[in-house]
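Could you use the hints to bring the two separately framed chains together as a complex?
Read top to bottom, the protein sequences are chains A and B.
Counting from 1, one number per residue, gives the positions in the first sequence under the numbering used here.
Counting from 1001, one number per residue, gives the positions in the second sequence under the numbering used here.
It is worth saying that the hints were derived from the structure and are not from the lab.
Incorrect hints may have been included.
[To be verified] With a Cα cut of at most 30 Å, we get these calculated BS3-like pairs of lysine-lysine:
no. : chain 1 : residue 1 : chain 2 : residue 2
1   : A       : Lys110    : B       : Lys1305
2   : A       : Lys132    : B       : Lys1300
3   : A       : Lys110    : B       : Lys1231
4   : A       : Lys132    : B       : Lys1305
5   : A       : Lys248    : A       : Lys331
6   : A       : Lys222    : A       : Lys170
7   : A       : Lys331    : A       : Lys222
8   : A       : Lys77     : A       : Lys115
9   : B       : Lys1300   : A       : Lys110
10  : A       : Lys184    : A       : Lys106
11  : B       : Lys1231   : A       : Lys106
12  : A       : Lys132    : B       : Lys1231
13  : A       : Lys170    : A       : Lys331
[What the hints assert, rightly or not] Residues on chain A that point at chain B, a partial pick, calculated with CB under 10 Å:
no. : residue
14  : Arg50
15  : Gly54
16  : Phe55
17  : Arg78
18  : Ala88
19  : Leu92
20  : Glu104
21  : Val105
22  : Ala153
The structure presented is a predicted model; accordingly, all values stated were derived computationally and were not measured.
Positions of the beta carbon are idealized from the N, C-alpha and C atoms, including for glycine.
Residue strings, one per chain:
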Amino acid sequence: MKAGVGVELENLWVRFGDFVAVRDASVKIEQGEFFSFLGPSGCGKTTILRTVSGFQEPSEGRVLIGGQNMAGIGPNKRPTALIFQNLALFPLMRVWENIAFSMEVKGHPKEARRKRADELLELIALGDQGDKFVHELSGGQRQRVAVARALAAEPQVLLLDEPLSALDLKLRQHMRTELRAIQKRVGLTFIYITHDQGEALTMSDHVAVMREGVIEQIGDGKTIYGDPATAFVASFVGENNAFAGTVKSIGARHAVIATGVGNLRARIATAARGALKPGDSAMLFIRPEALDIAETGSSGDNRLVGRVVNEEFEGQSSHVFLEGAGGAAIKMSLTNRGGQSRGTGAGTELTLGFDPDLAVALPSGALSAEE
Amino acid sequence: MPMTLAKWFKGFVDRNGIGMAAFMLIGVTVWILVLIVLPQLAMVDFSFRHDLPPGKVGGPEDVYTVTNYLYFIFGNPGNPDGYNAVDVLVFGRTLLAALFVTAFNFVLCYPIAYYLAQVARGGWARVLALSLVVPYWINEILRAFAFRVIFGDIGLINTVLKQLGLIDNSIDFIRADVALYAGLGYAYVLLMVFPLYNAIESLDRNQIEAARDMGASWWRIHWRIVMPFAKPGITSGCTMVFMLASGALAAPQILGGPSSLWFTQIIYQGFFEYFNWPRGAAYAIILLVSCMAIVLGMMKLFRVKMGEIGR
Ligand SMILES: Nc1ncnc2c1ncn2[C@@H]1O[C@H](COP(=O)(O)OP(=O)(O)O)[C@@H](O)[C@H]1O
Ligand SMILES: [Mg+2]
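In isolation and in its complexed conformation, chain B is listed as follows (with noise of 0.2 Å):
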């Protein structure tokens, strides 16, 4: 192992010469150091540490502790149901909702990265492919709006059911959180189905003519070829979205119904609603791992390895 470390790292140097080599091994090493992990770190710290006034801050109270994380369970000493029902709920929930979008959002996605890798031909491919790519032009922000538009109480979809006559009254889009998952799926739509498009590209045609030669019907060759084959994109996708999914906040800002917190959003007001950073940190922190976990035991139920998603 040092040997091929060693080895590499002379073929590297060779490659780019020494002065551009020790720009791009700096340069990189200072960019995970420095914007990735050290932050995280940072994180982890104030996650265990006591919410003091700055002048407390390095005296004789400003000890390691774990009540940020017994708080978001146990909730306040004086809690009359003595667990953090309000926090644990949202989070719940939230975890939930980032499944669903996730599953959501690959029933959608995987039909269109399939027309696309393997039924579309030429233009008319780069067309739909271009149409999938606009709307990311416009900023996340007034995309959600737009959703508000299109589901609110006079917004388009209520507007033409009003005029067709099939209700009187609006539907209430926003509080039945319906917006919410729309924009949320509408949000990550490419990041599925790029992934998906890459892996159901390379797979060769004829693969799929000859189970089809041999009588497979659409969903056996989907379920037993395509699947298969595409499930390192399909890996993929599915964690991007499930995180980004989970971890949004400005789509339940401006999309969620009045009543429905997402975890993000307390995670946000400990931070700058209330200044309780190291609670903030700690928030952040079981979140974050949660997800990785949670990440981590679908790749092991679907017998994914980690190599493979690269590919």
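The following block holds chain A by itself, in its conformation from the complex (with noise of 0.2 Å):
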């Protein structure tokens, strides 16, 4: 097995036609990371990934792999394998077939492929399926299969296109853990794809949000969720409350922003640190998490006043369905300890509040079309 090697896109654009799928994408994935390119369904991340394994000319910029630029390099002539949205295994080829397709076309001698296509059905714990054919498995394992074929080819890149879509939520799961692991294991570059953010969360060292043909953050789960860099990432990724407003004041760290619900106080994000001014048009960002119930009547800058509309009781939390001042709808998570639910009935009138280290004040901009 070959070590991983780096990838770089340098100013990356896509064009069909007068269509900019891609817009000026620049990120560097270091080797043997696991990096992930998150959005919503049609925002250019299988153009992205295309591009990457060469059936996508760039329009404008340049793809290096390894440091080798990949300009006029063919598809079947880098180190990358491709793992299809669909898997596209093939329908007519046994299981072992379609591992060793690869070193078939190497032109290794059948005792060999099959040799190496029994070890890496090994390796994803299919000892004794190769003789089947695909459609005899089950999607998990055809999901495996997928990943030994692309194994098989000895890339330096493994480019994952939602993989993982088809399967239901326990097997995606379990996937989710065994990608990694094999990740870990065969210390390949990993290039995921996807628009679900817990996946992407979970299983990368680094992830790029994009939207519309753009990446508006790359970083790693923690900072993409607790610090995003715009309105749309703070929307799309995980669940947030969003108060649009104007700035009221302006502090060192922290941003004053007068909203529907009140005058609420909130970290500025790291990304718009001085792109704030008084008077500008904002948003401030809360998790349901960061919300707790305050004393009814008690003051200050972070309250906000709301009616409970629903509940939900989920065992370990509660999630209270809020109407507040203006219409505006606010979720409030709560950690119920040992089965004992802490919210209140539908009708009643609730103040919340919050630190304002724990919510984020950003230039208001589109958020995600995805409630």
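This is how it looks when you write it as structure tokens:
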């Protein structure tokens, strides 16, 4: 098995006619890391992957793999292996022939192919399934065969296009762990595409969040979640209560935003430092788990009042949906201890509070449409 | 099995109503019986009879015989060769030529079908498909004559070649059977393209790209991925072209060289020049059975199952 290499995109543009699918993307992916592109469907993730694998020529900019410019090098000559969104296993070949196809291409004799295929089948815990056809396997097994087939090509970069999207939730969670384990074992660079933020956060060393062809933020999972760079990232990654308003005052690290539910104080996101001035329109994001019930009638900057519309008891936590001033929808998640719900019934008026360090202020911008 | 048939029948009646169901079932049965089964059986019956003048039909001499089949192999009893050299030779040559036409047709049509199915997009693909169909609005005889015009002594190709100074005397494309093969090949382009197109079109593009991603060359992608996938289409296309080419009559009549007979022409002569219907029938059945045997043999060779073809 060869070692992984780094991948770099330099000011990459991809256009289809007048339509811009990827807009000035620059990313540096280190060798051996698990890197994810995260974004809603149609934001250009697959296009980026196809550009790295060589099926799509950049309109502008460069793709470097292992420091080498890939311009003019076809997909069959690149050290990458692509796992397709629908896996694209060959239905008329046996499982082992599928896995050994890249060796067949290189002209290895049949015994060597079979031997290597069996080794890889062991690696993916399908040792005795080599003589089956693909349609005789379960979804998770096919998934693993696709990984084995890609690994058999001895790539230095493995590209995965939403490979888990067809699986049910349980299997998906299991395969996340499995894929991550395989990646650690083989030490290859994995470039992973997903529209599922949970998937991106749990598996990746770094995540690039995309919207409409633009990379909005690159960072590790904690940064993306805790310190979003744009309003879109804040609303797309995880759940967030968004309040639009104008900047009332600016401090060294905090800003007070006048919103429909009152004046709220929040930490200014790192990417927005220096970008917000009093009077600017801004957005304030509070995670549901950052909200808590405050003493009724207590006052201060970070108080908002809402009427409980609905409450979902989920065992370890309860989700309380409230309606704030001006009809603002507010979600609060409370941790329950010992099965004891802390919520209150529908119709109750509650005063909520939050720690300003757990909320972020950002210049206003487009939000995620997926709600 | 009887249960499922009964269930199918009930479902069929429920879906269509009793009147429509009866009409369709009876219609289809009559169609198959009257237009297909009975004439063929009559032909088989004919082929085992003596060629008798009308007065003796039904008389004591009208008994079953295999003379017509023996005649194909041995010819007349006084034949010095001991076997029917002319007919057997023409028969063999016809089958070989039909195989050749089929192979030629496949080689010609596969790239077209692949291009139409996987590469061409939108309006351009439609224009291309239309340009394949339009020539078939002209009837078969006219098309054959058009090929005579193209390949004739003072035809298009000879004229152009002469103008370019490449040749001094006309090439006799008709005698060399070039015109015949081209005409036959062309006549069946659609019959080959459509089943191939159908099969290739349903192939997931990602399969091709996956193979390419793993370093496969173009010919390997076709050999290992596209062709195995399209095998049912290839089989039905080749079967139709082979059957129709070996049974063609108009094209060989019009485009065939003076010295080359197609077996169908001998059958035709049997019926309409010698008025020997039993021999004509026997020859027709020999051709039919041989062609079917060849097709089944090929299917076995390429491991195609009957059920796959209709897909
Ligand atoms: N070959 C193409 N021709 C025209 N438009 C394309 C092509 N491929 C992708 N697109 C468009 O580019 C955008 C991004 O597509 P894609 O990269 O597949 O998105 P994602 O994988 O993030 O869902 C989509 O709007 C899509 O319609
Ligand atoms: Mg995609």
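Consistency of the hints with the structure:
no. : hint                 : verdict
1   : A:Lys110 / B:Lys1305 : holds, 27 Å
2   : A:Lys132 / B:Lys1300 : holds, 23 Å
3   : A:Lys110 / B:Lys1231 : holds, 24 Å
4   : A:Lys132 / B:Lys1305 : holds, 20 Å
5   : A:Lys248 / A:Lys331  : holds, 24 Å
6   : A:Lys222 / A:Lys170  : holds, 24 Å
7   : A:Lys331 / A:Lys222  : holds, 21 Å
8   : A:Lys77 / A:Lys115   : holds, 24 Å
9   : B:Lys1300 / A:Lys110 : holds, 25 Å
10  : A:Lys184 / A:Lys106  : holds, 27 Å
11  : B:Lys1231 / A:Lys106 : holds, 25 Å
12  : A:Lys132 / B:Lys1231 : holds, 21 Å
13  : A:Lys170 / A:Lys331  : holds, 26 Å
14  : Arg50                : holds, 9 Å
15  : Gly54                : holds, 8 Å
16  : Phe55                : holds, 6 Å
17  : Arg78                : holds, 8 Å
18  : Ala88                : holds, 4 Å
19  : Leu92                : holds, 5 Å
20  : Glu104               : holds, 8 Å
21  : Val105               : holds, 5 Å
22  : Ala153               : holds, 5 Å
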